[in-house]
Each structure stands twice: as C-alpha cells, then as structure tokens.
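Visitor: One-letter residues, chain by chain:
There are 2 protein chains.
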Amino acid sequence: MKVAILGVGLMGGSFAAALRRRRLTSRVVGYDLDPQVCARAMALRLLDEAAASPAQAVRDADLVVFATPVGSMPDLLGQLAGAIGPTTILTDLGSTKSDVIAAARQALGPAFERFVPAHPIAGGEQPGVDNADPDLFQGCTVVIAAQAQTRDDALERVEALWRVCGAEIVRMQADEHDRILASVSHLPHVLAFALVAQIAGQPDAQRKLSLAGPGFRDFTRIAAGSPEMWRDIALANRAALGQELRSYVAMLEDVEQALARGDARWLEQLFDLASRTRRNAGGGARG
Amino acid sequence: MKVAILGVGLMGGSFAAALRRRRLTSRVVGYDLDPQVCARAMALRLLDEAAASPAQAVRDADLVVFATPVGSMPDLLGQLAGAIGPTTILTDLGSTKSDVIAAARQALGPAFERFVPAHPIAGGEQPGVDNADPDLFQGCTVVIAAQAQTRDDALERVEALWRVCGAEIVRMQADEHDRILASVSHLPHVLAFALVAQIAGQPDAQRKLSLAGPGFRDFTRIAAGSPEMWRDIALANRAALGQELRSYVAMLEDVEQALARGDARWLEQLFDLASRTRRNAGGGARG
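As they're listed, the protein sequences go chains A and C.
Just so we're aligned, residue 1 is where the first sequence starts under the numbering used here, counting upward by one.
Just so we're aligned, residue 1 is where the second sequence starts under the numbering used here, counting upward by one.
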C-alpha cells in the first residue's frame with residue numbers, strides 16, 4: 001500500500017510512523033509546505049520520498065492522508081481533486097469535521113464517496129515531526145464521521161488501519177463531534193491561551209510566571225500548542241465554540257457574584273461537583 | 001526541636017516528612033479534626049504523637065505549623081492564643097497571606113512577633129496524608145510575607161528550615177503575594193473547576209468526558225483538588241480573585257467577538273503570544 005501524507009507535523013508524522021512500524025505500507029510519500037520538514041522526516045525514516053507538490057505526492061497512492069491544519073483543507077482539496085486516482089481512499093486527521101466534510105464534498109466530486117472523515121483524539125503538545133511517535137495513537141479514540149455517501153469498503157479499510165495502530169473507533173455525526181470537541185477540547189485550549197496571553201500582557205508577567213506552581217503548568221500546558229493550528233480550529237468550529245464560550249462566561253459571572261456575596265456554600269458545591277467528576281474521569285491526578 | 005503540625009493533610013504531612021527525613025526534629029505532634037487522619041499519619045511514621053486537641057499539640061512546641069485550610073485559621077488561632085509558649089515560633093503553609101496575617105495579628109497578641117507567614121508553592125493534586133512526600137518542597141518557592149513586627153530570629157529560623165528542605169525563599173509583601181497568586185493559581189483553579197462543573201451539569205456529560213483527550217486531562221487536573229480548601233482560598237482572596245476574574249471575562253468577551261467576526265489575525269496573535277510565553281516559561285510541555 002502506497003500512502004501519501006499531506007502535512008508532515010506531529011500527527012501526520014506519527015501516523016506515518018505508526019503505519020510503518022506495523023508494516024502496513026510499502027511506500028510513504030510526504031508533502032509539506034516547508035521542504036525542510038520533509039527532509040527531516042526523511043532523515044527520521046518516516047518517509048520514503050519527499051514530494052515536490054501535493055499532486056506529485058498523491059500520484060498512484062492507495063491512501064491519501066490530509067494532516068494539514070484544517071483551515072488549509074479547502075484550498076488543498078481544490079488543488080488535488082483532479083489528481084486523485086479512481087480507487088484511492090482519502091482520509092484526514094482534522095480536529096473539526098463539519099467544515100472538512102463540506103470542503104471535501106465540494107472539491108472531490110465522485111471521489112467524495114472514498115473520503116473517510118476521521119479525528120484521532122491524541123495529544124502531544126510538542127508539535128512537529130521531531131516528536132512523531134509510532135505509539136501516539138495507542139489507546140486513543142478515533143472519531144469517524146462517515147457520510148451517507150461514504151463507501152463501506154473505504155470506511156472499513158480506514159477503520160482497520162486505526163485499529164491496528166491501537167486506536168478505538170467511535171462513529172459519530174460530524175455536528176455532534178464538533179459540538180462535543182468544542183466543549184472538551186477547543187474551549188479549554190482557548191481558555192488556556194487567553195490566560196497566558198493575559199498574564200504575558202502585564203508589566204509584572206515575569207514575576208508572576210516565576211511564582212507559578214505545578215497546577216499552573218498543568219493548566220497552561222495546552223497553551224504551548226501551535227497558534228496557526230488552533231486559530232484554524234477555532235474558526236472552523238466557531239459556531240459551536242462561540243456557544244460554549246458564551247455559556248462558560250455566564251458560569252464565570254455566576255462565580256463572580258458568588259464571590260462578591262461571599263457565598264461559601266455555592267462555591268463549595270460547584271467545586272465539589274467538579275472535583276468528584278474529575279476524579280471519576282480518571283486520566284491522572286498529578287502524583 | 002518539638003514540632004506541632006495542625007492539620008495533617010498533604011501539605012502538613014509532607015512538611016512533617018521533610019523535617020523528619022532531614023533529622024530536623026526530635027518529636028512531631030499532630031492534630032487533625034479527623035482522628036483517623038492522625039492515626040494514619042502515625043502508621044506512616046510521620047507523627048510521634050496524635051494530640052487530642054490543638055492546645056495539647058502546641059504544648060511545649062518549639063515550632064507550631066498551621067497547615068489547615070485558611071478559612072479555619074481565625075477560629076484555630078483564637079482557640080490557641082493562650083496555649084502558645086513564650087518562645088514558640090509559629091508559621092503557616094496557607095495559600096493566601098493577607099487574611100491569615102490579619103487573623104494572626106488579631107488573635108496572637110504579643111506572640112504575633114514570632115509568627116512567620118509562609119506559603120510553599122508546591123503541588124500535588126492528590127490530597128491527603130497518604131500522599132505526603134518528604135521531597136514535595138524540593139526545588140519549590142516559598143514566599144515569606146514577614147511583617148514589620150516579625151522578629152528576625154523567628155524569620156531566620158523558619159527560612160533556614162525551608163532551605164534545608166530544598167526550597168528557595170522569596171520575601172514579598174502579603175498583598176503582592178495575594179494579587180500574584182490570584183492570577184497564576186487561584187484563577188486557574190476556579191476556571192478548571194467551572195469548566196468541569198459545567199460539563200458535569202449537562203445531559204451528555206459522560207459522552208463528552210469519554211471523548212476528552214490528554215489536553216483536557218492536563219487542563220482539568222487541578223479541578224480534582226479539595227473543594228473545601230479551594231472554597232476557603234477563593235473567599236479569603238476574593239477581592240484580588242474577583243478582579244482577575246473580571247479582567248479574564250473581558251478577555252473572553254474579546255475572543256468571542258473575534259470569533260464572531262472571523263478575525264483570524266487577532267486570534268493568531270493572541271494564541272501566538274500565549275504559545276511563546278508558555279514555551280519560554282518551561283515546566284514541561286507534554287511529551
């Protein structure tokens with residue numbers, strides 16, 4: 001199986017690494033806007049070939065993986081539509097689904113039935129191909145937002161690859177995915193970015209940061225993420241994210257009022273609900 | 001040196017453990033509202049003796065360490081004022097300083113000059129004496145908010161103990177401490193509690209939490225903290241926290257507007273400032 005990876009960052013590089021480690025591919029061709037990234041991926045033996053253009057990368061590919069920031073997808077899909085082979089399967093790794101699906105539907109024509117919209121919920125806030133990890137997807141959830149037109153064989157092929165890479169598949173509607181991810185991923189990222197940016201804009205930023213403890217470091221770890229990637233995600237999912245943000249601001253206004261009236265009971269109930277929920281959710285209290 | 005620890009949780013227990021490990025104490029007596037906590041601390045060999053009352057714990061103590069939630073300090077100080085020996089040094093581990101100092105000033109009378117207000121900025125979101133760690137304070141910063149009345153010998157004694165435990169001392173005014181900690185600690189805790197509580201209150205909470213990735217787990221780790229402790233901190237520092245919360249809500253309203261008008265450039269600038277600041281601040285991107 002010849003695989004083309006478009007966008008060789010942490011996610012694209014890790015998917016290439018995962019497929020190679022499990023001997024699922026005979027040849028991996030990569031394309032990245034930055035030629036040095038492809039050179040680095042070659043040096044790391046993640047790619048067999050660095051293509052000079054997206055169209056060259058997808059030539060004769062059995063599987064094309066879109067691993068670029070979601071904002072670049074409409075252009076990239078438009079450029080490629082004529083170059084996709086008649087049996088090539090397409091998939092993506094994007095953090096939003098409705099916008100990517102709409103772009104693919106518009107650009108791909110008949111090939112849209114071979115496009116399998118996917119989102120591996122995997123992290124690694126150290127971006128870039130240098131941090132690519134063949135086990136990044138081990139134990140992670142991959143949301144598959146198949147459409148009515150999506151061919152079963154394409155769907156099953158992509159899901160099988162993810163399972164071999166150690167991921168668990170959850171099928172879901174694109175709008176439900178986007179609404180849930182706005183709540184548990186996009187909003188927390190925006191909140192962490194906003195907090196760090198607010199501190200950074202103050203004259204005593206350095207003194208404040210020097211007194212930040214381990215809780216602050218945990219809370220703001222996601223604010224080290226890629227500004228371009230998160231700008232794209234925030235805009236791609238702006239309707240759902242805007243709604244989550246408005247409810248959250250309303251919640252913070254309630255907190256502000258409880259503080260102002262010194263309402264110990266209200267605050268404790270809120271904190272207690274959160275604390276019980278977070279402990280039950282698992283995934284590591286700080287040890 | 002006989003040490004009395006009032007409140008044998010993660011912080012009090014860890015301070016006892018740190019002092020014992022470094023052979024800085026001949027006898028550690030503990031008191032906790034919950035007698036089972038003291039029994040557990042005895043079993044863990046953190047204490048030599050479990051006192052039946054705070055007054056019994058502080059009898060003949062060379063050092064009394066207040067390690068209870070800050071909201072309990074006024075009552076506890078009031079109960080103890082008459083029981084403190086004439087040369088006993090007092091200190092605390094509280095996350096807020098102005099309120100603790102005001103309570104100590106009011107309760108302690110002449111002994112106030114031997115009270116050294118301290119805040120070790122150390123974490124561990126798994127609360128409780130079972131997680132006590134003699135190295136919890138290794139490499140952490142301890143803010144000392146000495147007052148005009150604070151005796152030099154008391155100050156130097158407490159600072160020396162912290163240094164031996166591996167901490168770095170920063171002397172600071174109480175109000176500056178409270179303002180900075182509102183920004184880099186109390187606000188992030190409130191934000192994390194509020195986010196998890198908001199999700200927990202929704203009908204699809206379980207589904208949302210099942211799709212939360214490693215970024216969410218980092219961001220909300222501090223929401224597993226003790227509701228009582230954080231209620232006390234939020235109320236004790238409500239003026240500074242309220243002010244931080246209001247500026248943060250204003251920032252979120254700016255984000256909301258940028259999203260609504262699709263302002264990619266504004267969002268990217270905000271995220272970029274945060275990302276650069278967070279990466280420079282160090283303390284561990286997720287690997």
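Mixed in with the good hints, there may be bad ones.
Which residues of chain A face chain C? A partial, calculated answer using Cβ under 7 Å [stated by the list, open to error]:
no., residue
1, 112
2, 134
3, 231
4, 242
5, 275
The following label-pair restraints were derived from C-beta to C-beta distances [stated by the list, open to error]:
no., chain 1, residue 1, chain 2, residue 2, range
6, C, 45, A, 243, 33 to 41 Å
7, A, 173, C, 22, 58 to 66 Å
8, A, 253, C, 202, 13 to 21 Å
9, A, 21, C, 128, 54 to 62 Å
10, C, 202, A, 49, 54 to 62 Å
11, C, 42, A, 269, 16 to 24 Å
12, C, 42, A, 126, 42 to 50 Å
13, C, 253, A, 24, 46 to 54 Å
Please keep in mind that the hints were generated in silico from the structure rather than gathered at the bench.
C-beta atoms are modelled at their ideal positions from N, C-alpha and C, and glycine is treated no differently.
Visitor: Look at each hint and say if it fits the structure.
Guide: Verification of the hints:
This hint is violated: residue 112 (chain A) has a C-beta 25 Å from the nearest C-beta of chain C, more than the 7 Å allowed. For residue 134 (chain A), the interface hint is violated, since its Cβ never comes within 7 Å of a Cβ in chain C; the closest pair sits about 15 Å apart. For residue 231 (chain A), the interface hint holds, since its Cβ comes within 7 Å of a Cβ in chain C; the closest pair sits about 4 Å apart. A hinted interface residue such as residue 242 (chain A) counts as satisfied when its beta carbon comes closer than 7 Å to some beta carbon of chain C; here the least separation is about 5 Å, so the hint holds.
With a cut of 7 Å, the hint placing residue 275 (chain A) at the interface with chain C holds, because the nearest CB-to-CB distance is about 5 Å. Our hint of 33 to 41 Å for residue 45 (chain C) and residue 243 (chain A) is violated, since their Cβ atoms are close to 53 Å apart. Separation of residue 173 (chain A) from residue 22 (chain C) is about 59 Å and conforms to the stated range, judged on CB atoms against 58 to 66 Å. Between residue 253 (chain A) and residue 202 (chain C) the beta carbons are some 18 Å apart, a value that agrees with the proposed interval 13 to 21 Å.
A beta carbon spacing of about 41 Å between residue 21 (chain A) and residue 128 (chain C) contradicts the range 54 to 62 Å that was offered as a hint. As the Cβ distance of residue 202 (chain C) to residue 49 (chain A) is approximately 47 Å, the hint placing it in 54 to 62 Å is violated. Roughly 33 Å separates the CB atoms of residue 42 (chain C) and residue 269 (chain A), a value that falls outside the hinted 16 to 24 Å. Taken as a hint, the range 42 to 50 Å holds for the pair residue 42 (chain C) and residue 126 (chain A), whose Cβ atoms sit roughly 44 Å apart.
The hinted range of 46 to 54 Å is satisfied by residue 253 (chain C) and residue 24 (chain A), whose Cβ atoms lie roughly 48 Å apart.
Checked against the numbered hints listed earlier, the structure breaks hints 1, 2, 6, 9, 10, 11; every other hint is satisfied.
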